[in-house]
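Protein chains: 2
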Amino acid sequence: MNIRGLSLIGSKVGAPGGAKFQAFDPAAGKSLDPVFQSASAAELEQAVRLADAAAPAWAKLSGAERNRFLRLVADKLDQHAAELAARAVAETGLALARCTGEIARTSGQLRLYGEAAVRGDWLDARIETALPDRKPLPKPDHRSLLRPIGPVVVFGSSNFPFAYSVAGGDTASAFAAGCPVIVKAHPAHPGAGELVGQLIAEAVRECGLPEGSFSLLFDAGFGAGQALVQHPMVKAVGFTGSLAGGRKLADLAAARPEPIPVYAEMGSINPVFILPGALAERSAAMVDGLHASATLGMGQFCTNPGLIVLQRSPAAEEFVRALAAKLTATPEAAMLTPGIRKNYATGTAARTQQPGVKVIAEAKSTAACGAAPVWFEASAATFLGTPGLSAEIFGPSSLVVWCRDGAEMLEVARHLEGSLTATLQAGAVEAAAQGGLVDVLAAKAGRLVLNGYPTGVEVSHAMVHGGPYPAASDGGRSTSVGTRALNRWVRLVCYQNFPDTLLPAELQNTNPLGLLRLVNGDFTRTGV
Amino acid sequence: MNIRGLSLIGSKVGAPGGAKFQAFDPAAGKSLDPVFQSASAAELEQAVRLADAAAPAWAKLSGAERNRFLRLVADKLDQHAAELAARAVAETGLALARCTGEIARTSGQLRLYGEAAVRGDWLDARIETALPDRKPLPKPDHRSLLRPIGPVVVFGSSNFPFAYSVAGGDTASAFAAGCPVIVKAHPAHPGAGELVGQLIAEAVRECGLPEGSFSLLFDAGFGAGQALVQHPMVKAVGFTGSLAGGRKLADLAAARPEPIPVYAEMGSINPVFILPGALAERSAAMVDGLHASATLGMGQFCTNPGLIVLQRSPAAEEFVRALAAKLTATPEAAMLTPGIRKNYATGTAARTQQPGVKVIAEAKSTAACGAAPVWFEASAATFLGTPGLSAEIFGPSSLVVWCRDGAEMLEVARHLEGSLTATLQAGAVEAAAQGGLVDVLAAKAGRLVLNGYPTGVEVSHAMVHGGPYPAASDGGRSTSVGTRALNRWVRLVCYQNFPDTLLPAELQNTNPLGLLRLVNGDFTRTGV
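Respectively, the protein sequence lines represent chains A and B.
Sequential numbering from 1 applies to the first sequence in this note's numbering.
Sequential numbering from 1 applies to the second sequence in this note's numbering.
Here chain A stands alone, though its shape is the one from the complex:
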C-alpha cells in the first residue's frame, strides 16, 4: 500500500494544496515521509454532503449487511497487520508487539460490534398492540425502536493508533449502529490512519455501499475539526483525547443552532484506594502490579492510575518506598509525540513546585522525546485543599495521598471528580465492610475495580468506559468501549398504527429478525 498524504473524500482522493504537516518518529527523533496535506473547506463540505446523502441508505441497511462490511474491514486490517503495525511503530514509538496486538483488538472490536448489529437486541424494539374496544378511547398500536442518528464525526486518539482511531471503537460502533462516518485523522499517526482509511474505502466499494459511507480528513490545525462539529448535517461526535479538546468540541456542539451530542472520553486520574489489609496480605505483589499498570505504555493510557490513596502506617510507607524504588529504576521510553512529552515535562515540573507536594520517585530520562516515571506525595489535607492536584498529568506520573485513617480516605473519595475508573485494594476480611466507600466511588466512576488495576479495558457486553465529568462529556450515560457503545449513535422512533409493509423489519408482526422485543410488557422472541 502507498501512503499519499491526502484525505479520502468518499471514493475520491483529496487534492494537494492545503497546509502541510508530517508524521514524526519520536524514537528516532525525525520527521517521516510523505508530506500530508490538509483537506480544503470544499473537500470537508463534500465529505459531509456525501455522508448526509448516504445516511438514509445506511439507516435501511440490515444488521447482516452492516456486519458483512465490518467483517470485511476487520479482515483487511488483519491481512495488512504487518504493514500497518510497522508504520504505527515509526509514528508513535510504541513497541511492535503492542501495535500488532492493538490491530487484533481493533479487528476483534469490528467483529463484535458487527455481531451486535446482526443480533439487534440492543435496538430496544417494543410493541404495544391495539385495543380498539378500550374505553374511553381506543388504544392505538405503537411500535418503537432505536434508529441511526445520521452522519457521525470521529476524532481519533493520539495513544491508540488503531483501536481508538480511524477504524477504532467509535467508527466501528457508529457503522454498526447504521451511521456514515467522517474521521478527522489524528496528526500523531497520519500514515497508519491513511492506510486504515484506504482499507475502509476498499470495503465500502467492495460491499457496494454509497461512497459517502466513509471519509477521512487530514488537517494540520484545528479548523477542520471545529468545522465538522459545527456542520448542520453532522448529527453526533465521538472523541477520545484531552479534557481541553473534548470540552472545546462539546461547547461548540452545545452552541449550534441545533445542538448535537458529543461523546468525548477525556481521560481521568483513576484513583486507587489501598487498604491496610491488602498491604498486609500482598504488599510485594501490589508493588509489581501497580508499577506495571502505571508504566504500561509509559503511562499514556486514559486508565493510568494517577492517584494512590493510602492510610499512613509503617506497612504503607514500606510499600510506597518499594514502589518508588521500582519506579526510579524504570527505563525511559519515547512518548507518543513531542507535544505530549512537553506537556508531561511541564505538568510534572509545575507539580514539583506545589507547596506540600514532594517528589518520591524520579527516573532518568535523557532522550529528546523520552519520559520516565515522576511520582509525588502529599497529605490528604494538601490534596483536599489544592484543586490542581485533581488534574491528570498524562504520562507516568501519579500522586500518593496520605490519609490519617479510613474516615479521611472516605473524605478524599467524596472529594473526587468523575473518573473512568476507581480501584479498591482490600484484604479478604476488610473488603466486606467497604460498602460505604464502594457507594461513594460508584457515584464517581464508570468502572470500579476490586483488587486489580485500572489499565486493561475488556471489549465486551458488560464493559463501561466512561464516567461522570470530566472523565466523559455526557454525564456517564454512555460507554466508548463494549457493545453498549452502539447506543450512542441512535435515537428513538415510534410508529403508530403502521402496517407491516411500512414498518422496519425489527417491528414487523412475525419478528423476522428474531429479536428480543418487549411486547405488551413482556419480553419475547415470538411474533405478535
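Hint data in this document are derived by calculation from the structure and do not stem from the laboratory.
Treat the numbers as computed from the prediction; the structure is a model and nothing was measured.
There is no bait here: all hints are sound.
No distinction is drawn between identical chains; accordingly, a pair holds when it is met within one copy or between any pair of copies.
SDA-like mimics (lysine to any residue), calculated; alpha carbons at most 25 Å apart, straight line:
1) K139 <-> A284
2) K358 <-> T382
3) K135 <-> L450
4) K60 <-> H415
5) K248 <-> E258
6) K358 <-> G385
7) K135 <-> R105
8) K139 <-> R282
9) K248 <-> A227
10) K139 <-> E281
11) K135 <-> N497
12) K364 <-> L96
13) K12 <-> Q46
14) K60 <-> R414
15) K12 <-> A53
16) K60 <-> D439
Given chain A, work out where chain B should sit, using these hints.
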C-alpha cells in the same frame, strides 16, 4: 387541605418574605388567593443540599421500595382528586372533566413507573463471568448496570397541571429511577402544585424516606430555576415548555463547569401530510378528526397539528373549505394564562402580515383571556422560503401548505425541523407506496402516526414523546412519556471482580430480583 403559598423545603415549609405572585383564573379574569411567596436563595440551597444528602439512600432503595412510595403518592392523588381538580380548573380554565381525567392519568403514570422500578429489566444488567485461564491475559469478571444519576430538577409545564407538573411524568420517572427530585412549580397553577407537593411530602414521611427526597420551590421570576440548573449538586434536569425556555436552561447546563443533561420537551409543529387517496376515502371524517385534534384543549398541546400539507386538487380544496368552516364556527375558550393568550395573539397577528400567507379561518374571540382558531394557508414555495413559518404558534393556529405534487410534498418533508410527531393520512392503496416519505419523516420526528391524529399520547412501554431538535433538547435520544422515561435519570456503572456481598442485588450471582440480564452474551433470568 390548605394552600399556604409557601415552598416545601424537604419536610419544612418555606418562610414568607420573597417576591409575591398569585394564581390567575383565566375564565373569570381574576386573581386567586392565597398570595404565593418566592423561595429565598437560602431555601433553594437547603433544598438542593437535602436532595444531595438523600441521593445515596435513594440509590440504594429497592425497586419495591420506590414502587411503594410511588403508589402511595398515586393513591393520595386519587383520594384528593376532587379538591385538586377544582383548584386546577380555577387556575387554568380547563374543564373539570379534563382535570379529573388528567389526575387519573397522573396516578396511572406513577403506578406504571413504579411497576417498571420493581421489574428492573430496563436497568440493562449485564454480566461477563471471568475466564481466569484465558491467554494472553485472564478475563476479569465484569458486571454493569444503570444507576441513579443523583438529584433531579423538574420544571412543570403550563398546560398539564398534573401529568407534567409537580407529580408528573418527569418527577415520577426520576423517583422510579432512584433520584431525589426538586420541582420548580409552574406559576400558572401554583395552588394545584402546592396541594400535590403536600401529598408527595406526606408520602415521603409515611414511607420513612429522607426529607431531601422532595422539595417544591415557588418563584415569581426565573432566578430560582436558573440557580437550580447551575447548582453543582444538581445532576439532571427535566423540562416541559417553550423552545426559548428549554434552550435557555440547556445552554446554562452546557456551560456549567460540570455540564449536566437537560431533557427539555419543547413542543413542535407536528406536521400532517394528507394524500389524495385519504381525501377520496374519508374527507368528511378527516374534517371532524383534524378539527377535534386541532382544537382539543384549545390547541394548547405540544402535539397540536400545526402544519397541514396537501397536494392542490378540487378534493383538497373542498376538504380545507369544510375544515375552515368548522374552525370558524368553533366557540372560543379561555387560554391557560394571559401570557399564553398574548403570545397567541401576537403570533397569529404577525403571521397574518407574512407575504404569501392568507388567513383561511378566524373564529370569534371576545373574552379577555379567550382564544379561538386562526388558520393560515401558503404555497409550498412560500413555506420553503420563509423560515418563520416553521415556528410553532402555541394555541389553535395551523398553517395549510399547498404542494403541486407528491415530489413537492417530499421536499416540504425534507425541509422540516425536528418534531414530536409527524402524521401521514393515506388511502388504502397509496399507503404502501409511501416508504420514501415515511423514511424522511422518521428522520424528523419521534412518533409517526398513520391515518390518525397527533394528539393523544399513550403512556406505555412503547411510547416515544421526544424528537430531534427543536422538539427536544437531546437529539431525540429519549422520551418524556412512557416507561423509557426512566432511562433519562441514570448512568452506567461497571463492577470488576466484585463479590456478591459488595454488589447491588441486580448483579448478584443468584439473580435475587429475577431480572432479565445479559449473561455472557445471552439474555436470561437464571443466575450465574
